[in-house]
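Q: Chains as they are written, first to last, in the working numbering: chain A, 1 to 209; chain B, 1 to 475; chain C, 1 to 304; chain D, 1 to 676.
The set of hints was computed from the structure by calculation and includes no laboratory data. Bear in mind that the values here come from a model prediction, so they are computed numbers and not experimental data. Beta carbons are placed, not taken as given, at the ideal position from N, Cα and C, and that holds for glycine. Do not rely on the hints blindly, as some may be mistaken.
[Said to hold, decoys possible] Pulled a few chain B residues facing chain A out of the computed Cβ check, cut under 7 Å: (1) Val140; (2) Gly145; (3) Trp147; (4) Tyr281; (5) Leu283.
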Amino acid sequence: MTNILLILFVISLVHMGLSKRLNTYTAVLAFQGILLFGVAFIELIQINVPNLLFVLLETIGFKTIAIPWFLNYVIRRNKITRESEPFLPDFISVVIVTTIIIGSFLLSNAIRDTHVRKILFVAALSALFTGLYFIISRKKIITHVMGFLVIENGVFVLSLAVGAEMPLLVNIGILLDIFASVFLLGVFVNKIGDVLQDQDVDQLRNLKD
Amino acid sequence: MMGIYLTGAILIGSALFLNRHRGWNYLLVTAFVLLQWALTIHVWTHRDRTDLVYFTPDALAVLFLTTLSVISVPAFWHSYRYFASDKEIPRERSIYFAAMVVLLAALSAAYLSNHIAITWIFVELTTLSASALIYHRRNVRTLEGTWKYVFVCSISITLVFIGILLLTMGVQEAGFSDLSYTSLAARAGLFNTFWLKLAFLFIFTGFTVKAGLVPMYTAGIDAKDKAPSPAGALFSSVLIMVGFLGIFRVYAIISHTEIFPWAGRILFISGFLSVFVATVYMLRVKNFKRMFAYSSVEHIGLVTLGLAAGGVGYYAAILHIVLHSFAKSAMFFQVGQVYRIYKSKSIYDAGDYFRFNPAGAMVLLAGFFVITAMPPSGLFISEFLLFSALFAGGHFALLAAVLLLLTVIIWCFGKNIFKILFIKPVGFDEGSVESIPPVESLSQYVLLAGVVYLGFFPPGVFVNLINHAIGLLPK
Amino acid sequence: MGILNFLLIAGASGIFPGIIIRTKSRFSGRKGPGIFQPLKDVWKLLRKGAVYSETTSFIFQIAPSIYFASVLMAIAMIPFGSKGGLISFPGDFVFFAYVLALGKFFTIIAALDTGSSFEGMGASREALYSLLAEPAFFILMGSFALLTGHTSFREIFGSLHFGSGISYAIGLLAAFVITLTTLIENSRMPIDDPKTHLELTMVHEVMILDNSGFDLGLILQTGHLKFAMYGALIANFFLTPGSELYYSIGIFLVIEVLFAVAIGVIESFMARFRMNHNPQYIFTLTSMSLLIFLGVLLLLGKIV
Amino acid sequence: MPVAVIIATFFIASLFILLVGGRWKGFVAVAAVLVNGLVSANIAIRALTGQAFEEHFYTGLYFGELAIRVDALSAWFILLTDFTLLTGILYGVRYLKPYEGKASALNAHYACYILIHVAMLGIFTIQHLLWFLTAWEIMTLTAFLMIIFDHGKMEVVRAGINFLIQAHISFTFLTVAFIWIHLQSGAYDLAGVSTYLSRAHPALGFLLFLLFFAGFGIKAGFVPFHTWLPYAHPAAPAHVSGVMSGVLIKLGIFGILRIILLARGGFVLIGYTILIFSIVSGVYGVIMAIVQHNLKKLLAYHSIENIGIIGMGMGVGCIGIGLKNYLLIFAGFGAALLHTLNHALFKSLLFYAAGTVHQATHTMDIERLGGLVKKLPHTTVLFLAGSVAICGLPPLNGFVSEFLLYSGLFHGMAANLETSTLLLLAALSALALIGGLAMLCFTKAFGIIFLGRPRHLLPEPFKEDRLGLPPGYLTLALMVAIGLLPSLFLRLAAPAIALFTSVPGQLPAVDQASHIPLLSTMQAISVSTVVFLLMILAILLIKRKLASPVAAWSPTWGCGYAAPTARLQYTANSFVRPLRKLIRPLLMMNKSEGVIGGVFPSDPIRSDTHPYDKLEATLIDRPLRGLRRFLGRFDFLQNGSAPAYILYGMGFIVLVLLIPFLADAVTYLFNLFKQV
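Chain A with its partners taken away, still in its complex shape:
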């Protein structure tokens, strides 16, 4: 069951790679939230209740509802145009995302470890690198944030790989989630929206030597 969810998760990444509109991204993020909820539920069913509740709340309440809504709000509030304006054409980005996935698959195969579930590893790594790829290849600050969120999801998956024994770590990961998302998004994107008319990173390239 987990595997199916995770494969869906990976596919969602590919879809993100080829989609052009910001709304699609938010939708995908929400979808990933649901997937993660499923995975977390299955993986962490045996850990103590409060932790489990916390995790579930986080995945559903936060990843699936709060953040996408908030993203849309920010997009509307700052009148951000709908295109993601990548530096590269979609085709190429799809290719790259695919290579990333394959690469992480190969890398995971290099693991000589019995009780780490490779599939989790694959999903996590591909999410991680795809997120980085988004950050690097997209123009808009908001897309950078989305890329960051994808990375977060990847980390979440990775933390599930050890989560069963390490509730503490999972919670920390969630803490990171909440902190980073709220802080990054909430405060700064709006501030930048106030200061700069269009949300282009090139506006933010004055501090250099």
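With the hints as your guide, set chains B, C and D onto chain A.
A: Just chains B, C and D now, kept in the frame of chain A:
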């Protein structure tokens, strides 16, 4: 004690945040300083005794904490001077001081924590508070600087988290679950090095942001540049130390495994590249605040080299980073004064500083000699030991390259500093020059004197602390 | 003993210029003045009052005396065969060279003292030529030191002769070098034409344009002494030690006269070089003395 | 005890300088230097008379024992340092009179002056590596601060930085060398050098020596490490230049001598190295000096030349040690030590004179000067004496040391040493050539500056400052004393020289300190010198008696040209032109010449030459430019885009992970192809 400290810090922080009245503000900050020193003293008396489960003040922690407490005092004092000289908006002030208190508390906790995850949390907190400090001036540039800092820091902190997860996998495979440094170090032999390698790589890369090392030193430069100079002083001294600490702890764990040489090589690469990059930009920058920031990159690079070289290099590294913290914070405090006189950070606008503020100019001059590790600067001793470590390790080519780069750095450094000190600036009206009382430079003299003293006549307890600290590493 | 040598040289200096002039006038088919005419001129000058330029300072007034004294000092160092000169100590030829240099130093600055462009020109040439000639002398003495294992005029000349024929050959070569040196030092043909009337082509004469009276007399007499001195130096190569005194004095006088005649001949049959050729010519001295050095090395069997 | 006194003097004096005002600062400084001088000189003299001074201090945890030792060598240098710094400050107080307004600058300057004295004393006596380095760098920094005394001028500050950087390079070499020693001996004692060298492989030993030579050579100003000198000297105040050129660069000489004392074996090779460097320095230095127009720059290049001469002495001495030839050692090191003293004397004298000229005329450009003999009679005499001495002419001190060197060389010749004869001959001819060139240079300098008529309108009628003269005459007196009584000073230096003759395991251990060669020669020299002087006097007397009174005073004979002006005089540039033409390939004369238009050119044509150091252009400037260009290639890193910054991190991780794989692959393929 730790519990008292943390709760106290939180209370004071929130109180500062809410309070708008200056007098109360002073009072609260004083209270925090007292608390800070109380913790320091307590830690001195309770060495290596675990407190609140996750906090154990080992030698390194004690050393760093003391450094922090020492630097915090002038930091607050100069912050007040900063507000006194600048337009003082109560709201900004309260945010500023609240953030600074949180930053210092988080740093202290990060130093003291004996558990990698706890360290991680508090490092995260430093990002939070630091960004508030950077954003203090609230204009486009600071916004940009803050955005980059926060963004890069979050990524890096994520990398560290991934590293921790990977480490955990190794731990699980090794069949235990305790993530405290001591147990990790004790069981290091059991690890599957594959996980360890990955973990170290990610954690190292993550912490380079705080430590200001290649590859991710970049955001730190903007932060030190854009933050008010007292905050900049903290960033380039104690915040660097926390990054170093994070790396050092994991390195200490690695040191008990067979991938130790591999980790050492990574440190070599990163350290040398840091010195190199610092040189590249020392040649280039015309903004003296950024120049000092780059000089921090150079020094932390040297520290890393010392750590990698091993032997006496360990000692040199710790000594160097502590002394550098004193010297560099002093320089940043002074930079604040320079900025107040010229209202600009470009060396083209600054000049003939000796005329306008002799006391400060002396600090700048002495500071230059200290930072560039010319005797009688204490940094000379650490660099001497550091180079002998490199020499003893047989890294002759590396040593030669580093020496060459350092010479170039001193050259650029000197050119700019002496331009500021002696050469008349063009188009600068001397009518509206703010006169700065010499007493403001006092703290900097003290810090620089401390560098000389600790370098040349180190008290026995200081040496013992360092020796204990490097006891974690194999001889 | 040394004093005799001193007197001999002084005496020789009396007739030396006369002989040269006589030789030249003979070759140019004139009768020429008496042998002692130059000496008389000097004496006349010594009695005269001087005309000084307003530009000059005390330097200009003391320089000629120092010049003269330096040459006298140098003469005092010249040995007479195996018998030393007035003063003799290891390395005395260094003193010899440097005391002469001091004299030159003062003549040069005296020339500059007048602030005349012509004399400056002369001074510059004088300085250049002397510095070019300097190494030759030292290389020469160095090779003799190497050859004989001694480091003073007396010992060197004393032990120079107990060699085979080749040592005489070296002596001849050295004599040649010294002759050239003399021509340069006294700025005679082919380096410089004392009889020219174009200041632009003078070296020594143009330096002393402003000297007059006693000073001029001194300077002229110094020139004569220099001739005699170098003559004596050459003579020393051929004075066989241990022989009777009258014998060696005879040799000495003969050589001095021959030397003077030789110079006369050269002056009458050679044309002056172009100014810018002089340096190369002077530098041949150095190469010549290097030749001597190599010869010595051969002699000692160091080079096979 | 004396150490404490000296250091205390520094602090007390600095305090007083801060407190007292205006002109009294100078007096305090003089007093302080005097006190330190007396204390140290007292020790030094006792050391020279056989009772060496030694003190030990405990300095902290990882420095441990610090030994302060004064042997004959240190004593010799201490004495000449004390003397030079004393005259220096005496002159400086007068020289800095115009600056009495700038209190802070004066405070810094005087404090630095006292401190550099202390630091130098430390350098001569400290036996502890780290403390030696510390003293060394303190000396550098104080010197730097004194150089930029007249800051506010860009070129002064630039010269200062140039000095600082090159000094730091020398410092770096020394640091590496000391690290080497420290690691080998495990201790911080200078003696570690010899303990290491006695067991090290000769090649390594030579390498170590080269490190030291580079380090000390930069300070001493051996070509090609000389480029800082010609900038630092003109920038500094006159007395500082005097002290720098008199003493500071001698620290390098001291260091090399110290290392030679500590060395064990390989002396012939060391000797050759030093000798070759010295020959080049000597000739190149004087040649560069000849083409300079700036008086102080000219003097600076002459320091390089004299360092060359000192170096020749050391080289000859080393060869002597290597070949176990006692006379050679004695003559060589005797020449080196005496010339160190002599150069300190006449060079500081010349710089003081130059300083007075600068005060009078506000220019150092030789071409604009002239006829100063009328305005500054005393300075003229001093400068003349200095010139005669620096050309190594009798009857002054310069001749003595050069004579020692010559006799060393000739003895080397006469001793018919196997391999080194040719090199000795080269040194011989080089020395002779240097003598001639120096004469050209100083006839030019003295003649053009002080004689003839003013080539340029001088600022204001200027009276010589009488109080500025005593230091000069003091120095002159000592110079004359050395010139007339060389044997005395040779005997004084004998203990120091004896150190070199008794390098363990090198010479049969006869008690050679007792018998001093060349003494009789020295006496002979003093006799001849006296005779010579008497002769001059006699002739002058005769002149007074014999010659009739001056007939007339008339303008200079212009060879028929009726209206000579001051501008028709021979210029310095034209004076050296013939030589310049001869040695053109060695020089780098940047000319700027106007073109003459028309048959009767109406408007004046300017044509001037800017001599530049060719070696500097090729050895310093070009590599530096290359380095800058290379570093400049990497300035894309801080490009301001956050994604890029993150990319660096990821790139780092990926590379570190990939590179081992790639390396493995490459090695695998390599082995594969090797099997084929």
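Q: Now, for every hint given, state plainly whether the structure supports it.
A: To see whether the hints hold, each was checked on the structure:
1. Val140: It holds, given that the least Cβ distance between Val140(B) and chain A is near 5 Å, below 7 Å.
2. Gly145: 6 Å, holds
3. Trp147: It holds, given that the least Cβ distance between Trp147(B) and chain A is near 5 Å, below 7 Å.
4. Tyr281: With Cβ-Cβ at 5 Å, under 7 Å, it holds.
5. Leu283: Nearest chain A Cβ about 10 Å off; hint violated.
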